[in-house]
Amino acid sequence: MSSGREVGLAGLERNAKEMHKVTLGLLKRALSLIVAKDPEERERLLREIEDEVALLDVLKRSSTEAILVFTMRYQPLGRDFKWVHALLGVVYDMFRIGRYCREIAIADRYVSRLSDESLGDLKEVVELAIEAYENAYRAFFEGCSSCVDVVKEIDSKVDKLYLELLKEVGSVKVVPTTTVAKTLVLRHVERIVDHAVNIALSDP
Amino acid sequence: MSAYAVEVENLTVRIRGAEILRNVTLRVRRNTIFVLMGPSGSGKSTFLRTLNRLIDFVDGAEVRGTVRVLGQDVYSVDPYRLRSRVVMVSQEPNPFPHMTIYDNVALPAKLNRVARSKQELDELVRWALERVMLWDEVKDRLRDYPHTLSGGQKQRLCLARALAAKPEILLLDEPTANIDPVNTIKIEESLRNLRDELTIIMVTHMPHQAARVADYVALLYGGTVIEEGPAREVFMNPRSEVTNRFLRGAL
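Here the protein sequences come in this chain order: H and C. When you line the first sequence up against our numbering, it's residues 682 to 885, in that order. When you line the second sequence up against our numbering, it's residues 64 to 314, in that order.
Looking at chain H on its own, in the form it has when it is part of the complex (with noise of 0.2 Å):
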């Protein structure tokens, strides 16, 4: 028979699934957005967006309550103590990965539009970041110790692209609406890969 510390740390480790779903399908859609060339399909998205954001703040909030309850109540030490203090940070950070993804549905909504060309070209940039976010996933909750060197490469990779894009953005007078949107969609992507580096890191 499990004791009810095992039944409280299965049911953390449950609920921070459960929130890497709608991080996920975040990310996903964010995807989506960006490719979309129908109006009303990417306000369809934005509008998914929204509410998965907002589902993943009640999420968030009833995953760190239930650690903090689980740690007055158990009092871990060691190895639980060390995940259970790794995971406050992972539900963070997967808080967090999901409010960039609406900040790019933001910028797509109020920059983008203002210009005819597409954000078709940050599709495999905002690709690396859902890949990196899967490592990081599988490095946290499955052990697994090579995604976090692909989480690594990956962050180095969107770091240099986001570099190159501010120096393009520096070296011209007018800077293209287009330019604009892409920086700021690009600022979040490259947010959002330094979370999964956190997630990925915080394997204990």
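Because the hints were derived from the structure by calculation, they are not lab data. Don't take each hint at face value.
[Stated by the list, open to error] Think about it this way: if two alpha-carbon atoms lie no more than 20 Å apart in a straight line, the pair counts; the simulated DMTMM-like pairs of lysine to aspartate or glutamate are:
| hint | chain 1 | residue 1 | chain 2 | residue 2 |
| --- | --- | --- | --- | --- |
| 1 | H | 763 | C | 290 |
| 2 | H | 763 | C | 304 |
| 3 | H | 702 | H | 815 |
| 4 | H | 709 | H | 805 |
| 5 | H | 763 | C | 291 |
| 6 | H | 763 | C | 296 |
| 7 | H | 709 | H | 871 |
[To be verified] Negatives, chain C to chain H, calculated, CB over 10 Å:
| hint | residue |
| --- | --- |
| 8 | 67 |
| 9 | 148 |
| 10 | 153 |
| 11 | 198 |
[Said to hold, decoys possible] Here are the simulated distance ranges between beta carbons:
| hint | chain 1 | residue 1 | chain 2 | residue 2 | range |
| --- | --- | --- | --- | --- | --- |
| 12 | H | 845 | C | 269 | 56 to 66 Å |
| 13 | H | 698 | C | 313 | 16 to 26 Å |
| 14 | H | 750 | C | 256 | 24 to 34 Å |
| 15 | H | 754 | C | 210 | 31 to 41 Å |
| 16 | C | 259 | H | 885 | 32 to 42 Å |
| 17 | C | 303 | H | 822 | 16 to 26 Å |
| 18 | C | 269 | H | 735 | 42 to 52 Å |
| 19 | C | 80 | H | 882 | 48 to 58 Å |
Ideal Cβ placement from N, Cα and C applies to all residues, glycine included.
For chain H, the structure is supplied; the task is to place chain C on it using the hints.
This is chain C only, laid out in the frame that chain H set:
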């Protein structure tokens, strides 16, 4: 002078043929709080009793290995002299019932001749009671007897009595096992404040207490040291699965 107050090597203790401690090797740094953790029956109290040779009083006890305390082999020194430098507080509060609160604290100071005048003795009694956060509670009734105190106050009185002997090492055998949380906190706070003045070796079966007070810890299980090191390391990154199970309460 060695950096270690206690150096134990290959200590094996048998009591009436049963092996209680097996090849225990441990060193305790001076002016630190060293906590020996372990479940009931793991040999913690036996270990403590070898340090001031209280083990000599246990029928059928057989001790092998080296136990050096304050730089000397405990079997090469007078045990009474040893016990004046290495004082023990036990689990059950045991103040002398026929002596006043004042006299309970003053007695070891007199026996160890650490006060040269009545004024010095008064100051020492006050100092000891202050160190255990009991002075404010008893200063107006020093002539009362210990039965007027609560269980936790009695235990703090015993701790003050031990301190008044001005020992170099304080041995504590589950000192808060029978007292309430408020008194437990006061004792733990006192111990943390005392580490600059003496070396404290405590045994406990409560890992959370060890986490609150220890500088260094060791886990004893089945008479063997499973893991030892700085408390922070052992509580954050236990190397042994046995330690991890003990910390989870699953041992």
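Comparing the hints with the structure gives:
1. H:763 x C:290: It holds: about 18 Å lies between the C-alpha atoms, which stays within 20 Å.
2. H:763 x C:304: Between residue 763 of chain H and residue 304 of chain C the Cα gap is close to 15 Å, so the pair holds against 20 Å.
3. H:702 x H:815: This hinted pair holds, its Cα atoms lying about 10 Å apart.
4. H:709 x H:805: Cα-Cα ~12 Å, so holds.
5. H:763 x C:291: Roughly 19 Å between the alpha carbons, so the hint for residue 763 of chain H and residue 291 of chain C holds.
6. H:763 x C:296: Satisfied, since the Cα-Cα distance of roughly 12 Å is no more than 20 Å.
7. H:709 x H:871: holds (16 Å)
8. 67: Correct as stated: the minimum Cβ-Cβ distance to chain H is 26 Å, above 10 Å.
9. 148: With a cut-off of 10 Å, residue 148 of chain C remains clear of chain H, as the shortest Cβ separation is near 33 Å.
10. 153: Holds, because the least Cβ-Cβ distance between residue 153 of chain C and chain H comes to about 26 Å, which exceeds 10 Å.
11. 198: The claim stands: residue 198 of chain C keeps its Cβ more than 10 Å from every Cβ of chain H (closest is about 32 Å).
12. H:845 x C:269: 56 to 66 Å: 57 Å Cβ-Cβ, so the 56 to 66 Å window holds.
13. H:698 x C:313: 16 to 26 Å: Since residue 698 of chain H and residue 313 of chain C have Cβ atoms about 24 Å apart, the given range 16 to 26 Å holds.
14. H:750 x C:256: 24 to 34 Å: holds (33 Å)
15. H:754 x C:210: 31 to 41 Å: Because 38 Å falls inside the window, the suggested range holds.
16. C:259 x H:885: 32 to 42 Å: holds (33 Å)
17. C:303 x H:822: 16 to 26 Å: This hint holds: roughly 25 Å between Cβ atoms.
18. C:269 x H:735: 42 to 52 Å: holds (44 Å)
19. C:80 x H:882: 48 to 58 Å: holds (53 Å)
Against the hints set out earlier in the document, no violation occurs for any number.
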